[in-house]
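S.K.: Work out the full structure, taking the sequences as your base and the hints as a guide.
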Amino acid sequence: MTKFTVNDRPVEYKMDPQTPLLWALRDASNLTGTKYGCGVGDCGACMVLIDGEAIRSCLVTLGESEGRFVTTIEGISNDRSNPVQQAFVADNVPQCGYCISGIIIAANALLKQNNNPSDEDINAAITNLCRCGIYPRLRDSIKRAARVMRGEEKIAAAPPPGISPQDAAASVPAIRNISPRKADQ
Amino acid sequence: MITRRKLLVGGGIGAGLILGWGIWPRKYMPNLPLAEGEVLFNNWLKIGKDGQVTIAIAQSEMGQGVYTQMAQILAGELGADWRTIAVQPISGNPEFSNMRVAKKWASALLPPSTVQDPNLVDDIDEDGPMINAMAQLAKRGSFIVTAESSSIQQFEMPLRMAGAAARVMLAQVAADKWKIDWESCEVEGGFVIYEKKKLSFGELAEAAAQLDPPSPVPLRASPINEISGQMVERLDLPSKVDGSANFAGDIRLPGMVYAAVRAGPIGNSRLKSFNKKGAAKISGLLKTISTNNFLAVVARNSWAANSALDALAPVFESKGRLADNAHIQKALDKAMSKKPGDDGGWQYYAKGKIADVFAKEAGTRIIAAEYQISPALHAALEPRSATAHFVDGKLHLWIASQAIENARELAAKAIGISTKNVVIYPMLAGGSFGRNLDNRIAAQIAIIAHEISVPVQLTWSRVEDIIRDYPRTPAKAQMRGALDKDGLVRGLTARIAVPAAARQQIRHLVYDNDYAQMMEDQNHFDPLSMEGMISPYKIDNMAIDHFPACVHVPTGNWRGNSHNIACFVNESFVDEMAHAAGVEPLSFRMQMMEGQLRLAKCLTEVAKIAGWDGGISADGGTASGTPAGGGSGMGIACHHMHGSYIALVVKATRGERGVEVDSVSAMVDCGRLIHPEIARQQIEGGIVFGLAQAIGGSTDYSEGLPDVRRLRELNLPLLRNIPEIQVEFVRSEEDPGGVGELATPVVAPAIANALFSASGLRLRDLPLLSTGF
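Here the protein sequences come in this chain order: A and B. Note that the first sequence covers residues 964 to 1148 in the working numbering. Note that the second sequence covers residues 11 to 783 in the working numbering.
Hints are not guaranteed to be accurate.
Claimed, not checked - Here chain B is said to cover these stretches of chain A; the calculated rule only asks that three of the stretch's residues, wherever they fall, bring their Cβ under 8 Å from a Cβ of chain B:
{"hint": "1", "stretch": "986–992"}
{"hint": "2", "stretch": "1002–1010"}
{"hint": "3", "stretch": "1016–1030"}
{"hint": "4", "stretch": "1063–1072"}
It is worth saying that the hints were derived from the structure and are not from the lab. C-beta atoms are modelled at their ideal positions from N, C-alpha and C, and glycine is treated no differently.
M.R.: Quick look at the structure:
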C-alpha cells in the first residue's frame, strides 16, 4: 500500500509499489491528462509536479512517491485559469496537444521559482519533446504567462469548462436557455 | 431581364456562386446521431433548439487544426456565431470520402505496365476514365482519408454548400413568419434578421429542417466572411490545456483492462514460443493471448501488462530476408546501376534533347553529384493506441486514424464479423505525420477484445511503436547538370533509386497486403514516389528516371512524402550548379523562373525579410566555390507542392556540436487562408519537422529491427535547439493550397546550402549529420 496526496486529495494505491507513478495516475486514478510517450524519461509527456518540482512520472515508482504531494495537469487549476493555460490558448500554442500537459507542468515549476525568466531560463526548464513543432511560439507564451503572474497582464482566452446553459445564454445572444439537453438515446 | 442572380444580388443574403443541385450529395443517408432537441439539416450539420450548431467532421484531427478550419468554412457560410459551434467526429458515411486523394492515389492501383506508359502517367491528375473509375470504387468503399494536405481543398465547397443550404432554409422559415421574401433577410451571428426583427437559429431550426434544401444553393459572394478567413478561437485548445482532451488511450470504461503486445522482427516473422510461466509473479495479470504473429497480455494496468510481456519473453522466428542496412544500400546501388528503358529503369519525365546538351560537342560543363536519403521515423509523441469492447456481436472501437474506414475493415476481418458490426469512435491523434495510415493495431485490439468480455485498451510501448513504424523511404539520387559558358543550365538529369513507396503503401491500405506482397510492390514504377521531382526551373532539356528497388522495409507516408527527397536533391543541386557557375544562388534561381510567378515572389520576398547576403559567408567566403572555413552562412531553397509555394532562407553554422541553425525565414504563398494563425502554426511546425529531418529522426536497420529504440537516440530538436523562426505570408486571393506538409521538405536543402556557404563543405546525405559531424 502506498499513500500520498494527488491533487490535494489523499490517495492509497493497492498496486505493486514498483509501478511507475505514471500508470497509477492514468490507470488507477483515471487522471489521463498525464501522457505516456516513452516510459524512459526521454519525452516529458508524463511530467507532474512532485512537491512542486516537475518530474517525469514514468521514472518515479509508487513506493518512491510515499508521503509526497503530486499535482497533475488536472490539479493545476479547475477552471483553466492557470496563467500558462491561458497564455497557451491565447497564443495558439498547442497543436496535437499530446505534449502539452507536460509542458504546462514544466512551465509552472519554472514560473513558481522565477517569474521573469529569460530565454535561457526557459530553454533550460522546458526539455519536453514536441513533434508538431510548437517550439517557435513557446518561449514568448511562457513569458506572457510570467507577465500574468507578475500582475502586468490579464488574459481571458480559455473559457472554464462546464458552463451552465443559463450562463451561456446570458453571454452569447445566439444561445437560448431551454430545458437541459439529454444525452444521446 | 431580371435573372435569379440579380435578384440575389439585390437581396440581403448577398450573392456569390450559385451551384446546381446536381453536385449536391443526396445518395447517402446522414448518419449524424441526434440528441433531444437537435434537428438534422444534412450530412454535415445539426442545430439544437438551444442554438448550438454541431458540424460533423470525418477528417482526423492530428494537431493541424482541421476541426476548426472545416467548421469555420461551414459556420461562416451559415452565418453562425462562432461561440455556438461544436464539432462531432464521425465516420462511416461515403459522403465524407476524400475523392481528391482517391483520384491521386488511383495510379497505385493500376497494373504496373499501365503505370509505365508515360502518356497515362501524364494524365494522372486528369479526369481520365480509369482514374475516375478508381475514384468511384473508392467512393463506394467510403474512402475517408486525411492525407496529402488535402482536407481544405477537398471539402471547402461541400462545407460551404452545406452551410449555405441551411442558411437559406432558416431564412425561409423566418421570412414566412414575417411574410417577406427570404432573399431580403440577413443571416449573421446565429440570427435571421430583417430590419429590426430577428429570430435565432434555435427558434427556427425545427421548422427549417423540415424544408427541402434550396436548389441551386446560393453561396455567399465571398468565401471570406466574419468566421472563415479569420483568427477565431481554435475549438480544440481549451480541452488540450487542462488534460481533458481524450486520445484513444485516454478512454476509461467500467471494468476496462489494459493490454500490451509484442510482434517479431520486420519481415516474415511468427511467434515461435514464450515462457508460459514467466509472468506468474506479476500481480494484476489476467490473460495471455498468443496469435500467429504477436503475443498479447491483458492485465489490470498497463505497467503490469508490459512487465508480464517482458517476463513471458516471446521468441519469434523469421523466414527470408530481414530489414538490414547493408541490404538497403545494396538494393539502392543495384537499382541505380540499371539503365532506363531496360528491365530496371523507367523514364518518369523527359523533355528536349538531353543527349545533345551533355555531348562533348555541346561544349557544356558537366556537374554531377550523388545524394543519399536515409529512412525517417515518424516518432509521433502518442504511441499507437486503441480501445475496444466486443459486446452483443458488435465491436466498439475507439481509435485515431488517417484512414478510419480501413481501421474498421481490418478490425472486422481480424475477428470475422461484418464491417457493419464495427462501431467506430474517431479520436484525436497525438501527432501522426502519416503514421496513422497504418491500422494494424485495429486488428490486434479486435482480436484481444473478441477473446475477453470486458472493454480493453491497447497502447504500443514506445519500442513497439518504433519497430512497427513504416518509415519514409530511403533513396539515392544521381544528379547531372550541363552548364554553358554563360553559366546557364542547358540540361538536367536525375536518376532516383527509390522503392515504389507510395504504390506499396496505398496498395497495402486498399488490399491489406502482407509483407511479401508489400516487398513485391516496391519493385515497380511509381509516379507518386517521383512527385515533386520535376524541377520548377526553366531548363529546356530534362530527364528524370525512376529505378525502383525492394529495400525489405515496408515504407509509409511521412509529412511531405517524396517531396522531401525531391526538394533535398533538386534544391541542393541547383545550389551546387550556381556555385559552379559562379553566380549568386538567388539570381541563379531567378534567371530560370518562367511561368512561376508565385514561387518567384516567395524567393524575392524571403530574400528581403531575411536580409539575404548572397550566400557569401561573413568571413570572406565567396559564392564562386571558394568559401572560407568556419563561421556561419546563409542558404536559400524553395519548393511548391499541393498548390502552395514556399521559399526559405536559413542561417547556419557548422559548430563543434554539429549543425547549428541560427535563423530561419520563410515566405509562404498558400492562397487564401482559412485561419491565418493555424496556417502559421503549420508552417512553423513544418519547419521544425524539417529541422528534425535535417539533423536526425533516422535509424539504421539490423536483422529486421531498427537500431534506434528510444526517442532520445533520434536527435530530435528540443526547445533549446530552435532558432529564430520568421514566417510571412504572401497576401493571396487564390484558392487555398495545402499547408500541413509544405514547410518540411525545404528545410534540409536550405541548411545544406547555408553550411556550404559557411564552410565550403557540401553535405549530400540526409540527415546531414550522417556525414561525420
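S.K.: Which of the listed hints are not met by the structure?
M.R.: Failing hint: just 3.
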